[in-house]
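Colleague: Hey, can you piece these two chains together into the complex? The hints should help.
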Amino acid sequence: MAAEIGHLSLWLALAAALCLAVFPLIGVYRNIPAWQCYARPLAWLQWLAMTVALLALGYCFYSNDFSVTYVAHHSNSALPLGYRLAAIWGGHEGSLLLWGWMLSGWAAMVGLLSRQVPLALVVRVLSVMGMVAVGFLCFMLFTSNPFARDLPWFPMEGADLNPLLQDPGLIVHPPMLYMGYVGFSVAFAFAVAGLLKGDLDPAWARWARPWTTVAWCFLTVGIALGSWWAYYELGWGGWWFWDPVENASLMPWLAGTALIHSLAVTEKRNLFRAWTVFLAIITFSLSLLGTFLVRSGVLTSVHAFANDPRRGLFILIFLCVVAGGAFTLFALRGSALRGNSGFKALSRESLLLGNNLVLLTAAAVVLMGTLFPLVGEALDMKVSIRSPYFNTFFVPLAVLLVLLLVPGVFSNWKRQDGKPLLRRIGVLLPTAAVVGVLLSRMPGDIPWIGSVAIVLAVYLVLAHLDDVIRRALSYQLGLRQGLTRLGRSYWGMVFAHCGLALVIAGVTLVSFHQQERDLRMAPGDTASVGGYQFRFETLDSYRGPNYDAVRGHFAVSRDGQPQAVMTPEKRTYRASRQVMTEAAIDPGLLRDLYVALGEPLDNSEQGAWAVRIYYKPGVRWLWLGALVMAFGGALALSDRRYRQVFRRRQS
Amino acid sequence: MKTRSLWVFLPLALFMALAILLASGLGHDPHKLPSAMVGKPVPAFSLPSLLDEKHYTNALLKGRWQLLNVWATWCPTCHLEHPYLMSLAARGVPVIGVDYKDDPDSARDYLANRGNPYRQVVMDSDGQLGLDLGVYGAPETFLINPRGHIVLRHAGNLDERVWKEKILPKVPAGTWRMP
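Same order as they appear, the protein sequences are chains S and C. First residue of the first sequence: 22, per our numbering; consecutive thereafter. First residue of the second sequence: 128, per our numbering; consecutive thereafter.
Chain C on its own, in the form it takes in the complex (with noise of 0.2 Å):
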């Protein structure tokens, strides 16, 4: 046999490379939160409104607690989860509309139609604060403390058993006029 090269063992190394990586990722579920987004403010932001002629900066999303929910009407699960953010408006839960990467004519015509569970709706047209939020797809729920930091993010579809779960559990009682 001939001096043995090294080349044949590069396929070897560049697996265990990539079988590393991969179990680094096997950790973490991806419709958790990434931690680092959790405790820090919400990236700044000045976007025009859907539904008023004005811009709307972070100071939205400060001064109590509320949910941001990252939404679109191209999203097949946003029109799932939409029912039950018009109960949870009913409920009297403070929610922040981001309309991510959508048409606003349709959004518009959307929420006219369906119930606009919104107090007020962002358009975030190229994505960008979505980019800064780490929004994987829409739906999204961010729950927002008073000093307007990100407590918890939800990813996908939000019903009564992630908000009971997940969401209530995080909020002082009796901040929201409830159960």
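Just chain S, with the same shape it has in the complex (with noise of 0.2 Å):
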């Protein structure tokens, strides 16, 4: 029954996004306010019809109904009720479901928090947020249901969660991820909506930021939860491997961090217009090039679903028409944006101009690598691309980034005067030049670009202290009242950069310094690994809720002292008989220890066993600068402007 409620409700809530997508625009260009005044309830009503969607998927998997398909194929009795809540997002279907059900959800809180804005405008955009939803509801309903039934004969037992998925990462990394790629949806909406209007007044770029700092936000952290739990639960140790599921996540962060930037500019001084326009638009094309790459078998990935032709034209053909029409409708109108340039070659527009470039092109490097393959293929070759590829151009690029970034913070809008800001640099380059290399000299010898990039970290967390006491003084009410005085969304951008230099910190500290080694090891044996002694004491078995685990014992201990014991597991998972490494991680802010199991090397009950050990120092800095990043999103959100309007509101 469950399953059936939420088909209906699909049904009804692409009824919902399809009248939403027509007549309050109509509304608009006929100038009929009562059809426009239709934009929020019908908004509202689709999240609704979406959410009684949703709730009844997670009933069919609280219920173990294994008669619904998707259910079957993800689920297990034996699976724990967390999990199998978890499994609605576990595939492809439901995966789609939980997108459409954000989708509908931030149309639904553009409809709530936007009296502000003009109706009209308001209008536009939640009929553009409805016609992405019409396609989304299309592909769920007509290739991928969720709802869909095997009957007469339905096994009575489940296939069970993909056991790498069986995480409590699983529960949080989608779902944070998809808010982010969704998210961007409101900045495109906006955009068409503006370009719709014909006419992009600054009121336009104040009311779509939020909403693209609150997606960017959100997209950051589900990268960063998405690299940490590759790293604790695929078993090999890294945190990045460029695979095309995180490369489409990582081009949309990429033009969405260009895009917060340019946003900015064209809040504060109405430039860059078309610039905003086109990053908006290609934002959110790029988390729908995203999906497209996972679900339509193009390229082979380890996250890929199931693949499936039919899917993968639907997808094409959807994003054609929102990428493509969003661009004709740039063509058509991009030009009228062409704002006077009103500042100088060195200001703060012209730095902020070049880090979008900058940005812009690593988006562009990470796609032309994610391709390469399929360009390959069409032209007869075989080609791999690896990860040196990603790293000849992502080191220069990130340097530059930084070179860019700091004048770009110390510069003026309009016109900046070239010699103060030489100065100030003259002062800081060197300083963490020479902190830089002693720093990086530390742990042990480096590379001369690993030495150059700590330099660059340090050089921009200096910077922003600097500039936060140069700030702060200027109020003239000393150190301690000026640090009040500075506004939220200022201080989100120092956290932000500042997470940025954490993690360029913590990529060069795992790159140049961890050490790994593979080793056979029986108990008893006794491996050093980083200046840690690992003594693997005893191995054992135990009985999982759906899995049967080996557990080794290793007692970890530096220069005598014990440190952890560090357990890591085997697991044979007994639906599917897939085997699963857990690694142990005795994590730490200066230095992860990471113990993973390989094979029996003999049979025996105490046998030999392949052991992989690493030390990873630094690793944590990847996943905490971009905590950090995010935190300064949320910081500027909180600012005065922001919490005034919610005020407002409220009284």
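Please keep in mind that the hints were generated in silico from the structure rather than gathered at the bench.
Ranges of calculated distance between the beta carbons of each label pair, as one might list FRET restraints: (1) S:ARG506 <-> C:ALA140: 47 to 57 Å; (2) C:GLY301 <-> S:PRO176: 33 to 43 Å; (3) C:ASP253 <-> S:LEU507: 52 to 62 Å; (4) C:ARG235 <-> S:SER659: 58 to 68 Å; (5) C:ASP286 <-> S:LEU133: 47 to 57 Å; (6) S:GLY219 <-> C:ALA140: 14 to 24 Å; (7) C:PRO175 <-> S:VAL458: 40 to 50 Å; (8) C:PRO231 <-> S:ILE26: 55 to 65 Å; (9) C:THR302 <-> S:ASP569: 35 to 45 Å.
Beta carbons are placed, not taken as given, at the ideal position from N, Cα and C, and that holds for glycine.
Modeller: As structure tokens, then:
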């Protein structure tokens, strides 16, 4: 019954989305106020219907209704309840439902929090989001219905959720990521609405900006969670694989980062309007492209969902309609947006534009790297793109990014004198160079490029420290008073940029100083990695809820001092007979220790195993840096002007 | 309005090029063979054996119908596939292994512990043969005819269904002592 209710709700949501896409927009063009007023209730109705559908699917999982194909494929009665519910988005159909639900949720929120925005703009925005929702709902209903049943012969037991996904990380990672992807649809809708209106005033950017920042924060956290999950769950200690699906999330992030900076310029200076609109379109298009790549079977990836060319064709058409339509609109209306360039060659605007180009280049590099196998196939060439390709581009781009970033923070809008800027940087950069080189040599020898990266990270932090102090002092109230005067959006920027410094430092440390050893170890053996002694004490086995596990016990010590007991596992999941490596990780701010069981090397009870041991300095900084960035974004969102809007609404 | 400049059309043009590229990729299923390799001889190689001290060349792949299986100890699906390869070997199907980008010691341990389904295994340590074969990732299995030409390629896990539906129909009946 629940499945039928869910299915029906999807159709209801489609109806609501169709109405939302058509009638309020006609209302705007024909000037029928009553039709315009339907936009918000329709958005809410759509959200309600999608919520019912999501709950219905959740109930199917809760009640182990294996007559529903999707449930039978992704669950099992022995699966713990938490994972059973997380399995809602563990496969293609359900994750689409989650995506659609979020899209409707964003639309509902836009309807709720836009009382200050002129109705005509809200209506256009909601209509555009309705159009996107129509596409997604059709995709779901016609090619990937999560509520389809296998009747009359349905399995008595489910096939179980992919063991890789049976992990707390899965519960939060996809929703965060999707919140980000889908959130960019708001920026996209604002851009298209602005193009439809044919005029983008600064107010447009003011309204679009917080939504974009929220989406960006979610995407940042989502990517960090994904990387963290891959690190501890896939069992080979990597944190980024340049896998097509990871790339699919990185591209919108890079474009979205450019977008939030460009929106700032558009809001504050009413410049770069066409560029901002272009970025908004491209960011959401890249989100959609990511969906296409994952689900069409065009590229192989560890994340790839069921490959079905029919689905691929549908998403491609959808992508063409959405992105192609938006770009066509941009081509027709975009030239009207060209403003006069009211800024000098050296100014915050120009430096931000420079960084925008760097970020977009990075996104293009990732896009090329991801699609190159496809190009190769079309040209009948065999190519394999690996991390060296990405590294050769990303290292210089990151250097350029930081070199443009700092003067951008220091500079004034409109025009900046070269001399004071040069004087500030002339003090900071050498200081950072000395400190950075010394710091980078501390854990051991490092190639010069590693030193450069550490210098840049130090430079970033020092520059922001310097800027915070200068700005605080400029109030002439003393340092402490001055610090309290600084706005939260300014603090947000400082935190986000320092988060970037942390990420750079973390990547450098873990890339150049990590140690890894593949060993043959039997209980009683000791190995030494990164200054730590790992003693393989015993091996035992136990029975989990839906798996059987072999577990090793490792006592870790350093200079005779016990540090940790680590228990890596090898699990065999009963339903699928899949074997999973559960690495043991001893986390630390400065270093992670990582032990994974490979293969048993002989069959006796206490026999030798292939054991992988990693010493990973600074690997936590990667995710910490991303969290700091997202925290910066959240801080910017809590800035006074947004709180005021909120308060005004409540009163 | 000012004269319309052409730069605004650039994104649309680029997007259209991208869409055409994506559409070209749609037809093929990445798990299927890029037809380029079918009907061609196995690329020339001379690689050391995992099992003995000798080097082997493509001559190894001539003279009878056999399978070429690309595998590695780091590849989870290979572990999954291994019992099926053992059963094929037991049925008398000759399988040549390519140990792809692997550590020889762990590979030898792996075969010693789990059984060796291969008549011979060559070590493709730097992945050159894999690249020449157009391997997407282990495991992949190639059906080779007596002239040493590739008849069929299967990417991913080899199991009874693939065997019955894809591989057996390409092989003359009675080639191997089977069912």
